[in-house]
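**Q** All residue numbers for the sequence shown refer to UniProt numbering, where the first residue is 1 and numbers rise by one.
Be careful, since some hints might not be right.
What the hints assert, rightly or not - Quick list of simulated restraints, FRET-style, between CB atoms:
{"hint": "1", "residue 1": "623", "residue 2": "455", "range": "24 to 30 Å"}
{"hint": "2", "residue 1": "154", "residue 2": "556", "range": "52 to 58 Å"}
{"hint": "3", "residue 1": "124", "residue 2": "556", "range": "52 to 58 Å"}
To be verified - Keeping only pairs whose Cα atoms sit at most 25 Å apart, straight-line, the calculated DSS-like set for lysine-lysine is:
{"hint": "4", "residue 1": "211", "residue 2": "534"}
{"hint": "5", "residue 1": "534", "residue 2": "228"}
{"hint": "6", "residue 1": "347", "residue 2": "277"}
{"hint": "7", "residue 1": "211", "residue 2": "228"}
{"hint": "8", "residue 1": "400", "residue 2": "443"}
Bear in mind the hints are in silico, worked out from the structure with no lab data behind them.
Every residue gets a Cβ at the ideal spot worked out from N, C-alpha and C, and that includes glycine.
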Amino acid sequence: MVGRIPVMDVSPVVDLGRHPAKATVAEPLPVRARVFREGHDQLSAEVVLTDPGGTARPPVRMTKHAEVPDLYEAWVTPDAEGPWTYQVQAWSDPIATWEHDAGLKIPAGVDVELMFTEGRLLLNRVIAGDDLDERELGIVSGAAQAAADDERPVEARLAALQSPDLVEVLDRHPLRELVTHEGPYPIFADRNLALFGSWYEFFPRSEGATKDPATGRVTSGTFLTAAKRLDAVAEMGFDVIYLPPIHPIGEVNRKGPNNTLTPGPEDTGSPWAIGSKDGGHDAIHPDLGSFDDFDAFVARANELGLEVALDLALQAAPDHPWVTSHPQFFTTRADGTIAYAENPPKKYQDIYPVNFDNDPAGICREVLRIVRHWMSHGVRIFRVDNPHTKPLAFWEWLLKEIRRTDPDVIFLSEAFTRPPMMHGLGAVGYHQSYTYFTWRTTKQELESYLTEVSSESDHLMRPNFFVNTPDILHAYLQYGGPAAFKIRAVLAACGSPSWGVYAGYELFEHVAVRPGSEEYLDSEKYQIRIRDWKQADADGRTLAPYITRLNEIRRAHPALQLLRNLTIHGSDDDNVLVFSKVHEGDVVVVVVNLDPHGTRETMVHLDLPALGLQWHDTLAVHDEITGADWTWGAHNYVRLDPGHEPAHVLSVRSPR
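Could you put together the complete structure from these sequences and hints?
**A** Shown next as structure tokens:
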């Protein structure tokens with residue numbers, strides 16, 4: 001029902017308030033609403049946050065948008081993890097109405113004494129409120145006396161009622177009439193890693209693997225050998241080490257190298273074909289080691305400041321224990337066989353998808369058991385494979401159940417699908433999502449997508465910009481050379497508070513299995529890949545120092561650790577992208593040449609007020625990548641040579 005003062009189109013609201021909007025501890029959150037009323041009387045609005053303990057925080061006054069009619073906005077910041085609510089309060093503001101009318105009537109000589117009398121009466125109401133301190137009481141009392149003093153010049157009396165000191169006091173102690181409440185609406189404040197973090201993915205079986213030069217036989221890496229690689233990952237500044245499935249791999253219909261159907265006896269198969277005689281989702285592949293070895297891997301990662309993320313892929317190989325113990329988990333076809341996974345024309349003969357309609361209660365119990373099993377071994381982050389192929393209601397139940405007891409556990413959705421499903425997964429509880437960033441390469445595409453994820457879908461979905469994955473080697477990287485790897489790293493690391501790298505990116509791995517494919521040649525999904533990290537470092541054939549520098553910049557600049565603070569700026573070249581991020585005086589401007597093959601010279605046009613500056617300001621900028629310093633203004637010349645450095649990441653110093 002519409003209130004006395006209409007408050008409409010409130011945001012952020014997810015699914016009519018049935019699910020909480022995304023928030024993070026210490027992350028500013030915009031609350032907006034359309035607030036209006038009949039007639040010409042003035043009104044005001046504010047936001048009231050209620051913390052997880054049920055305590056209402058001091059209200060935050062909303063300001064009217066300069067361009068959008070009747071749109072009010074305030075930024076609020078949760079300071080503790082857990083479930084919060086907010087409500088919008090609107091009221092008729094008699095003081096603002098008087099200030100508006102008096103500013104017009106008194107200088108025009110209309111109803112002068114009546115206006116002063118009405119002003120004095122309003123000030124007396126503020127005094128009677130009994131919540132002014134001594135200084136504030138003196139300011140308001142003095143203004144009331146000035147309003148009543150008809151021996152003073154009219155201009156002096158009006159000036160006393162328009163003084164900045166009085167306006168400041170009245171803002172803190174407004175008179176509220178016809179108060180209307182809208183809400184409460186839920187938000188959930190997650191821990192910081194749900195918003196800000198750098199992810200690194202590797203296959204434990206490849207890290208420390210060896211090849212016999214005489215026989216060509218490859219010996220799998222283990223958790224013990226993979227742990228030796230963690231130091232290098234931590235030194236590059238990553239926060240999360242993500243492991244693809246570590247479970248036993250099916251032997252029935254096992255895939256060979258490059259996704260072939262003719263594996264040899266030594267071929268390892270895809271880790272996503274989970275389950276064999278050695279166990280299922282709650283087991284470890286024998287080649288990788290024991291649970292003690294896994295626990296030691298997690299402990300070593302934690303010592304280095306890394307959290308371990310584990311893949312959760314709800315599917316089974318044909319020889320998974322579920323096939324015999326829980327055949328109702330799957331779909332049986334007319335000929336009596338179990339249906340394997342298909343995405344026509346693709347076929348996944350080594351995988352049986354789970355049918356969530358056959359035994360939903362049983363599946364829920366089993367998946368919850370598996371998740372809690374790995375949580376008991378120190379896993380607090382799960383990267384979920386293809387969640388869009390499972391019912392949304394299942395995820396709503398599972399994520400709510402985990403959040404109920406362990407709200408620090410984070411789930412990353414790997415769903416490349418229609419926006420409603422991606423947003424729906426975020427709405428029911430997923431903390432982060434892979435995105436279409438990988439396929440956004442032009443200036444127009446990137447401007448549109450950066451705007452979308454930072455200010456249009458931010459209440460539903462937190463993006464994680466992976467530059468590559470074992471499944472995705474974009475043509476831009478295949479043919480762009482080393483400059484393309486730098487460009488995409490800068491865009492991901494600076495454009496999103498969370499970004500990710502799959503191992504081999506720093507070695508510029510770029511060869512596809514065939515033209516037109518996004519699959520890597522000799523994909524690590526189907527075979528062990530041995531990389532000579534030491535030799536690459538010795539030869540300088542690595543992007544690791546550049547990645548390290550980007551992660552250092554991210555940690556040094558709070559503005560880059562937030563999502564909702566991105567502004568697009570202009571340039572005269574369709575291959576030069578410009579955006580900024582600002583937070584509490586920390587200002588970062590990113591200028592990127594999107595053409596990995598050619599130098600670009602152009603003018604860059606900054607919206608200085610969006611940076612918290614005046615249009616006439618000049619500012620000192622420092623390139624965080626090269627160390628160069630310049631003096632910039634609203635319009636600036638840039639030259640970006642991808643063979644040298646394709647991007648500026650500029651920190652803005654005080655204006656001159």
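**Q** Indicate, hint by hint, whether the structure satisfies it.
**A** Verification of the hints:
1. 623 - 455: 24 to 30 Å: holds (27 Å)
2. 154 - 556: 52 to 58 Å: holds (56 Å)
3. 124 - 556: 52 to 58 Å: holds (53 Å)
4. 211 - 534: holds (16 Å)
5. 534 - 228: holds (12 Å)
6. 347 - 277: Holds, at roughly 23 Å.
7. 211 - 228: holds (18 Å)
8. 400 - 443: With a Cα-Cα distance of about 39 Å, the restraint between residue 400 and residue 443 is violated, given a limit of 25 Å.
Hint check: a violation occurs at hint 8 only; the rest are consistent with the structure.
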